[in-house]
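Below, each chain spelled out in residue letters.
Number of protein chains: 2
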Amino acid sequence: MKYYVGIDIGGTNIKTGIVDELGQIISEDSVPTGADRPQEVVLQDIIASVKASISKANVSPAAAGMGSPGSIDSNKGIVIRNYNLGWKDFAIAPAMSEALGIPVTLENDADAAALGEVVAGCAKGAKSAMIITLGTGVGSGYVLNGKIFRGCEFGHMVIVHGGLECTCGRKGCFEAYCSATGLIRTTSENGITEDDGSVNGRTVFDAAENGNKVAEKLIDEYIEYLACGLANLINGLQPEVIGIGGGIAKQGERLFAPLREKVKREVFGGFTLPRIVGCTLGYKAGLIGAAMAGRSLAD
Amino acid sequence: MKYYVGIDIGGTNIKTGIVDELGQIISEDSVPTGADRPQEVVLQDIIASVKASISKANVSPAAAGMGSPGSIDSNKGIVIRNYNLGWKDFAIAPAMSEALGIPVTLENDADAAALGEVVAGCAKGAKSAMIITLGTGVGSGYVLNGKIFRGCEFGHMVIVHGGLECTCGRKGCFEAYCSATGLIRTTSENGITEDDGSVNGRTVFDAAENGNKVAEKLIDEYIEYLACGLANLINGLQPEVIGIGGGIAKQGERLFAPLREKVKREVFGGFTLPRIVGCTLGYKAGLIGAAMAGRSLAD
Chain A
339 MKYYVGIDIG GTNIKTGIVD ELGQIISEDS VPTGADRPQE VVLQDIIASV KASISKANVS
399 PAAAGMGSPG SIDSNKGIVI RNYNLGWKDF AIAPAMSEAL GIPVTLENDA DAAALGEVVA
459 GCAKGAKSAM IITLGTGVGS GYVLNGKIFR GCEFGHMVIV HGGLECTCGR KGCFEAYCSA
519 TGLIRTTSEN GITEDDGSVN GRTVFDAAEN GNKVAEKLID EYIEYLACGL ANLINGLQPE
579 VIGIGGGIAK QGERLFAPLR EKVKREVFGG FTLPRIVGCT LGYKAGLIGA AMAGRSLAD
Chain B
339 MKYYVGIDIG GTNIKTGIVD ELGQIISEDS VPTGADRPQE VVLQDIIASV KASISKANVS
399 PAAAGMGSPG SIDSNKGIVI RNYNLGWKDF AIAPAMSEAL GIPVTLENDA DAAALGEVVA
459 GCAKGAKSAM IITLGTGVGS GYVLNGKIFR GCEFGHMVIV HGGLECTCGR KGCFEAYCSA
519 TGLIRTTSEN GITEDDGSVN GRTVFDAAEN GNKVAEKLID EYIEYLACGL ANLINGLQPE
579 VIGIGGGIAK QGERLFAPLR EKVKREVFGG FTLPRIVGCT LGYKAGLIGA AMAGRSLAD
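Residue numbers (the numbering used here), protein chains in the order written: chain A, 339 to 637; chain B, 339 to 637.
Any given hint could be a false lead.
Since copy identity is lost for identical chains, a pair holds within one copy or between any two.
Only pairs whose alpha carbons sit at most 20 Å apart, straight line, appear in this in silico SDA-like list of lysine to any residue [unchecked claim]: (1) K509 x G608; (2) K426 x L381; (3) K389 x A400; (4) K600 x D533; (5) K414 x G607; (6) K509 x K602; (7) K426 x G607; (8) K602 x G501; (9) K509 x K600; (10) K465 x G489; (11) K465 x R488; (12) K462 x D411; (13) K465 x N483; (14) K414 x K465; (15) K465 x T610; (16) K509 x E559.
Treat the hints as calculated values from the structure; they're not laboratory data.
As the structure is a computational prediction, the values presented were derived from the model and not from experiment.
The following block holds chain A by itself, in its conformation from the complex (with noise of 0.2 Å):
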């Protein structure tokens, strides 16, 4: 059995661990990400969470591999802008090859969270998987036999011409639809919230189960739209698996259900649906797919 790094680097914490060549986790470590400090600083606590994790495994890993947010340059393991860390040019990949002595691979921390969820979770096994992550905005992470696709952002894809602005400067993206944010500000424009007049991702669907018509409403809308993404991406590239990841996706059921009835009036004739899933792994599918990353390197 060969083990490897994963490394997932996240706003609060990074967490650290030995994966097996399966993608069963051996091994967890976390350090806080302390934002403040210079890079070269959170650097050395990497590395001594990375030896720690080895250490509580005792094995050799043979390579490791890093998930990380922001802008990357993966060919040169490099992190080029991270708003939130603070972080800028950071060669972190050779630095960290340098300390641990094994080869590292840098990706960004949604296609390594995909890979995660093809070796290990809700698509292992397939040829081809496309993980939408439902949360701030709208992650894409196509995973093409066993390998990261890199810098797939399906997210920015348009929909709706004229549309909703999106972050992104587009307008009618699927990000501006279907994204937890876009759907929060739909919930709130519609005069739905908590008891306490907040509203998060779950206010809706709760408003819908306690027989609020408009909720059911815009429940339909959202799921009309993110059908109409979903089958843009059957149509076009056919992956075996799409699963489903982020905030929204823990109303299961009640959100997947219909989404598949719907995504099958779309997808052109004759295309086989895919299986259309919840993400099953939840943070540890950064951690696997960053080792696993990894060990696409050392192969």
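Please arrange chain B on chain A, whose structure you already have, making use of the hints.
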């Protein structure tokens, strides 16, 4: 040098030829498709034409590839249904393979043409290319690492949710807005015609050149939708080259120059703009690409 048979099945003619491993056509032959005859009879004509091509080139081909319209099963080498030709459950690739004594692959005709452009045309040497054909429909052929990505139908990607009806049953597809058919319909609806009252894909461009302001506006809108679809593909897949073929592409820079400008504004932050160019091989793309698909089989 190795040689391959290319077979391009069209509605009017079936072209056959010998193509070398660099994608150069060595010999060509053609037979009328004769759609009114049984498929077994047409098969004998194709075999005779291939033998004529082989004889002219005086080489021993290592494999053959066929490009066919209609719904096909590439894995089994079967044309499931081709309404125009009256073909049904036609195991054409196995039959050809038996007759020629070499492996034969069957691909979608648009996919084969896309591979032709990547081997020897506008996208020569590109690691990834999307070939978009603006004809009766909007065809999309995606070639990744020198191989056809089968069954890519981005023409049926909705870009205007709830928009114009498409032949596929969805509303607002890329194809409904950007096919030659779509452009001709819009031209006609706006009362712009040729002197004899007819309308074709050039009509609106010629009218604009003659100072027709409505025609200018229609072209601008057409390019706007085309840019929207292409930007979606770039944000999702970042192809190195986008090759534009089909009747409308004959407009050349009258189309491409404003298209590049519009696409640039819609591409996701930090992404490199692919080369957007016209296809260069014309009808030869299908023949060359089919042969090169055969090469993939023999490799």
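Point to revise | Which numbered hints fail | key: 4 and 12
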